[in-house]
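Order-wise, the sequence lines are chains A, B, C and D. Its first residue numbered 135, the first sequence is counted upward by one per residue in the numbering used here. Its first residue numbered 135, the second sequence is counted upward by one per residue in the numbering used here. Its first residue numbered 135, the third sequence is counted upward by one per residue in the numbering used here. Its first residue numbered 135, the fourth sequence is counted upward by one per residue in the numbering used here.
Since the hints were derived computationally from the structure, they do not count as laboratory data. Be aware that a few hints might be false.
[To be verified] Here's a subset of chain D near chain C, in silico, CB distances under 8 Å, partners left out: (1) H159; (2) Y172; (3) S183; (4) E432; (5) W468.
[Stated by the list, open to error] Derived coverage of chain C by chain B (criterion: at least 3 residues anywhere in the stretch with Cβ under 8 Å from a Cβ of chain B; other residues may be distant): (6) 441-454; (7) 471-484.
Treat the numbers as computed from the prediction; the structure is a model and nothing was measured. Each residue gets a CB set at the ideal place from its N, CA and C atoms; glycine is no exception.
Listed below are the residues making up each chain.
4 protein chains.
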Amino acid sequence: MTQESRPTLGVGMVGYSFMGRAHSHAWRNVGAFFDLPYTPAMVALAGRSRDQVVAAADRLGWRSAETDWRELIRRDDVDVVDICTPGDTHAEIAIAALEAGKHVLCEKPLANTVEEAAAMAEAAERARANGVRSMVGFSYRRVPALALARKLVADGRLGAIRHVRAQYLQDWIVDPDFPLVWRLDKDKAGSGALGDIGAHIIDAAQFVTGERILGVSALMETFVRERPLAEASTGLSAASTGDPGRGEVTVDDAALFIGRMSGGAVASFEATRFANGRKNALRLEINGSAGSLAFDLESMNELFFYDGTEGSEAAGFRRILVTEPAHPYAGAWWPPGHLLGYEHTFTHEVRDFLDAIGTDTDPSPSFADGLRVQEVLDAVTRSADRNGTWTTVGGPRTTPET
Amino acid sequence: MTQESRPTLGVGMVGYSFMGRAHSHAWRNVGAFFDLPYTPAMVALAGRSRDQVVAAADRLGWRSAETDWRELIRRDDVDVVDICTPGDTHAEIAIAALEAGKHVLCEKPLANTVEEAAAMAEAAERARANGVRSMVGFSYRRVPALALARKLVADGRLGAIRHVRAQYLQDWIVDPDFPLVWRLDKDKAGSGALGDIGAHIIDAAQFVTGERILGVSALMETFVRERPLAEASTGLSAASTGDPGRGEVTVDDAALFIGRMSGGAVASFEATRFANGRKNALRLEINGSAGSLAFDLESMNELFFYDGTEGSEAAGFRRILVTEPAHPYAGAWWPPGHLLGYEHTFTHEVRDFLDAIGTDTDPSPSFADGLRVQEVLDAVTRSADRNGTWTTVGGPRTTPET
Amino acid sequence: MTQESRPTLGVGMVGYSFMGRAHSHAWRNVGAFFDLPYTPAMVALAGRSRDQVVAAADRLGWRSAETDWRELIRRDDVDVVDICTPGDTHAEIAIAALEAGKHVLCEKPLANTVEEAAAMAEAAERARANGVRSMVGFSYRRVPALALARKLVADGRLGAIRHVRAQYLQDWIVDPDFPLVWRLDKDKAGSGALGDIGAHIIDAAQFVTGERILGVSALMETFVRERPLAEASTGLSAASTGDPGRGEVTVDDAALFIGRMSGGAVASFEATRFANGRKNALRLEINGSAGSLAFDLESMNELFFYDGTEGSEAAGFRRILVTEPAHPYAGAWWPPGHLLGYEHTFTHEVRDFLDAIGTDTDPSPSFADGLRVQEVLDAVTRSADRNGTWTTVGGPRTTPET
Amino acid sequence: MTQESRPTLGVGMVGYSFMGRAHSHAWRNVGAFFDLPYTPAMVALAGRSRDQVVAAADRLGWRSAETDWRELIRRDDVDVVDICTPGDTHAEIAIAALEAGKHVLCEKPLANTVEEAAAMAEAAERARANGVRSMVGFSYRRVPALALARKLVADGRLGAIRHVRAQYLQDWIVDPDFPLVWRLDKDKAGSGALGDIGAHIIDAAQFVTGERILGVSALMETFVRERPLAEASTGLSAASTGDPGRGEVTVDDAALFIGRMSGGAVASFEATRFANGRKNALRLEINGSAGSLAFDLESMNELFFYDGTEGSEAAGFRRILVTEPAHPYAGAWWPPGHLLGYEHTFTHEVRDFLDAIGTDTDPSPSFADGLRVQEVLDAVTRSADRNGTWTTVGGPRTTPET
């Protein structure tokens, strides 16, 4: 299909902070690298402050701006709603958009609570009957190295999975004077390291192995319990200004848990914002009866693979530079050895979303997948609240378990 | 300056293959991440085949297409000419554009011969008097890690430079049945690994050290001297189809040379397309009296730095993840630890070019810098032709030297 | 003190398998590299089979052989007893030796149960009053990189410890046909991966941080529950011969736990023999408020250190090659950059033990330290038996905890 | 053969500095790990100063001491002479020992000049007729990873060799106040970095590829031309004391050369003592038509291998941890994953030397191999003296070449 003959699909986005910038970049560039069933049109951007949303729309390439997301959903020229706001607003926007017949791409975590996530998954299921598609933005599934990891597992190169070892290590709040941004506020963010980055490793572990986390023993910790207030801080980039007083940190700085996977593997997870010197180290290591994999997002173009079926003379973890035409997504970009970066994952995400819409298939990860992650987050929180007691994922949530 | 109030600068580009795609991406996105003195407008794309250039313009975001670069230069709405064609056409296009008063960004190597490069540098110097800017596209200067490397050297963190060790290792023609693409044709490409990738390490070594290569002893080799013809092959991605006969490879597969730098360092260089398993390994290692640096483009977000002034108890090469706000370019993109990729270097390049135009300053690297690299390439070729005889860079080119 | 004028100290060793070979090497070589208060004399080796023990003594450099360890303890020319037998025999031999006034070096884990370990620690305490020294063989404390890690923490370079991340990953029984060697037999070995290699990371974590593990949530798993019997297998090197039937694996293949340290850090531990491709990966990563450390025994000459107090421009994990004269132990061996291997840790261990005897000071780790590790192993086992319930280290062991 | 029934072979060693310590360790321990045709007896150590040689013999395990190496050669109980002195004395001692019917192990480089080396190779050839064995101590051939590298090349896993890239980088004289030790004195050492460490990479490149270096273009540099005198300095460990005046450095600090191998490969070599932060980085990288290898002595238990015949999906450089029973030498030591260190190479060397004596076969590398390395060193020096002119290895040495 030539580009000219492709129908246009109108996209409206809510939010224009960190995630909004990343999603805008994806919508702006996907057509230059991938053959698509639709030409995405960046129709409108929604945000509360008129001045700011207009400036953002101009800078990021959106044709118009709205100050109320409800207006954006009402527009006829908007076919897809892309939600890039904090987690406490996801459910309301997503459900409204789905009910209005808009395809929805929603940032992760799907919601701040299991209840919201369940309602969203149900709304998605209802909309699906009408051909409306929905997808949750666990963008790391589209890191070529992790997509390759999934393929190697699915191809049986690892055999039976024995171990999952997942960590997401950052350090951006190690300074006790870093301000109290919205990500440290439970009402906005739902949880701290757990929901923000722990959600990513939960999804990645389940995605790559194709297995579910069945139950967990967890502990959570807040190392710095009070921080300077940050009146106008937004996102990750807040800077402390003057002394606006101090406030309580209401989320976890770190969450650790061990668990069991549906295929018999044992697993270990850790999410923290206090790993000094680790900037964005999403690490995943998987050991199987036939081989192993290791990945670190700080070297995101590399996948390490051990083939345990080789003779030991020449066996070893191979550093696969995941930039070959044979690799997921990579062939659309540059010649082998030319690295991709962080934002490419979003380009891959919107490409796959457009493909699913075009082929009338279910995109992945679905809202149901998002709910599943939310249930794990919930089990972790409940286990930590009860001093590490084993907690079944998706199990009853009001009575103690043994 | 708000985006709306910025004047527009019309850009016209010639060529739309590998480099054209990369430059288009840069023009398309630079405004979303950087504050610029101008809003670049992607006015026109030039190429010989109408169908292909129109399709490319549509896909890459150019508003119109031209089938003759002379027409593109004639257009009033084109203020900047961006040259992304093979090296044998650079001189003619660039000189014409400069004489027409257009700012010129020209891909590397500047030209295929010293004579052409010298004529281009002279044209640039004449145009400069009229406020016309020119720049040669050694984009790797804009890899944040290499820009940081330059800064650390300039700040004296390495002391006196003793050693430069530079390699550019690829393997895309290791298969003897890989076809005879234009990059293997001396008439089009000027030279093989030497001009294509050797030029990059020559520029990088001179850029990071701030020193010049004075003289060299060289050898060059063509391992596979005949290859299948590739009638319609373009760029790196050619695939052998049927058996169209075989033709002679007229360029080098590998070039090695040792030399001396203007500051007293000794240096070793190697460029090859036969380093099996190395996909895009531009490696630069510099040892100084006070410290050392090491870099590999296959891990382009990392710079390794050794501070020799520390006590030995805790000294060691540090892996600096060059994604901090304190690092060149990085702060404009994502939070720390979120990687940049190959094409970001071009975005940085056009940003710096626009900045130079906006501030009426000379962009770097200049055509004179491009000439300097060409002189090194020429000295390497002459030394290799004379069995490794020491050859002064920029020296007399017709009589033997000792 | 010149070598000739040093008094001699007679050493008797029990056991001559894997650990016996390593300890023999240490006794044989320590005097050639270190200045010692005593010249150790390798007086006698004890083992049950006369033929085997005589051959081993000859090969390993022991002057005589005994077939009963009680005889060895009785000998007047034996001043030090070095215990290299499986864990179920440690208590009896060590207590007898201490009561006979012999200095005792006992391999880890100190014992198979807390009761035995406690009895040994008491015996050591009694003997100490008479100037008799005892030490448990957590030899990895003498890896120069881990000794340097301890020094950096003690010097405050890490600040307050926030995270401990410890793994000991091996893969030698990943093949389900690997035979049922003594290390897979609970009666001999006490536990599986937990006591064998988990003990090492427990000790290493407590040693490097200077903190204690307070409590844990744990899970353990045996992936392969039945294996071929190995009639005459010894140690790690057993090979399956014919089909001698199958037997039950009575120990854990993998043990995972999370916990809290006495200084406020949270910690994660994993010991497994099923990490395909990981041969001997004892990994320790520690994050503090001022810096971080990372170590992997598969690269045992390297310590990675992040100094969080540096400006971010040049900050990064440094690879310290721990072979400098400024580093623990390293100066006694070779020039910088010349690597040490596995057995050097035992040489350092006996050197420090001899030093402690010579200076009438307490060697470290003491039997009390060994008991402390045993208490953690016990808490892990109890937590795992109770489905991950939080379990205090050293707490009451018969009633359930909350 | 049981140890008791093995005949004894008397060993006498000359020199007891750095190399002497390493060789002593090998003789002392080889029997505990390897089955040997002979039991080596450490009969006598020779050195000029009686006090020092007696103390060294005592410390290193030699039964007696001699102050004249001629006496040592005369002894009936000495069957093997091991030469660990500076290069200017090798020829005299080795030839005398060979003529006295002693097997000779001689440290590298074989000699300080081609003439001496040639005389030694001739003496070795004459002695060989009488069953007398000789070997030159290029010990790095016995690093298991390099022995494995040789095997992979010999097995055809790399195909036709295209590139050799060899570096030996150290930094121990980067401080201009490091004193003028014997290794910086041309009369004693023959040359500087070139003969000391360049010899190692020349031998390693020829050994692993099985090819010869045919010719070279070279340059050499002495960065610091004057240093404090070090009256009593010995070996690498000299320390500047007071101000004993300054003297001229008469050897190279760094040597670089490019060349061609007998099988058609091109090669690059660099040896330097001024690579700040590189402590002992002997690096060898080899690219062939079918695969590649990479090695760094600072991680000496690892070999990186790229198998270019695999499909690109899972291809990548494998980190082979060369500690498996399937690997050269490794099985004699510890279980997989337990690292070997620097001195193990010497243990392997004397083991292979004893094996060759026991089986009446020629040990390798022979004195002829040592001569071949000396000829390369000589060609490098001559090329550098003539400003990089191409110089054939083993070619005429008095007339200029073209």
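For each hint, the structure was consulted:
1. H159: At about 7 Å, which falls below the 8 Å cut-off, the nearest Cβ of chain C leaves the hint on H159(D) intact, so it holds.
2. Y172: Y172(D) check fails; min Cβ-Cβ to chain C is 14 Å, beyond 8 Å.
3. S183: Since chain C brings no Cβ nearer than about 15 Å to S183(D), farther than 8 Å, the hint is violated.
4. E432: Since chain C brings a Cβ to about 6 Å from E432(D), closer than 8 Å, the hint holds.
5. W468: holds, 5 Å
6. 441-454: holds (count 11)
7. 471-484: violated (count 0)
Hints 2, 3, 7 from the list above are not met by this structure, while the remaining hints are.
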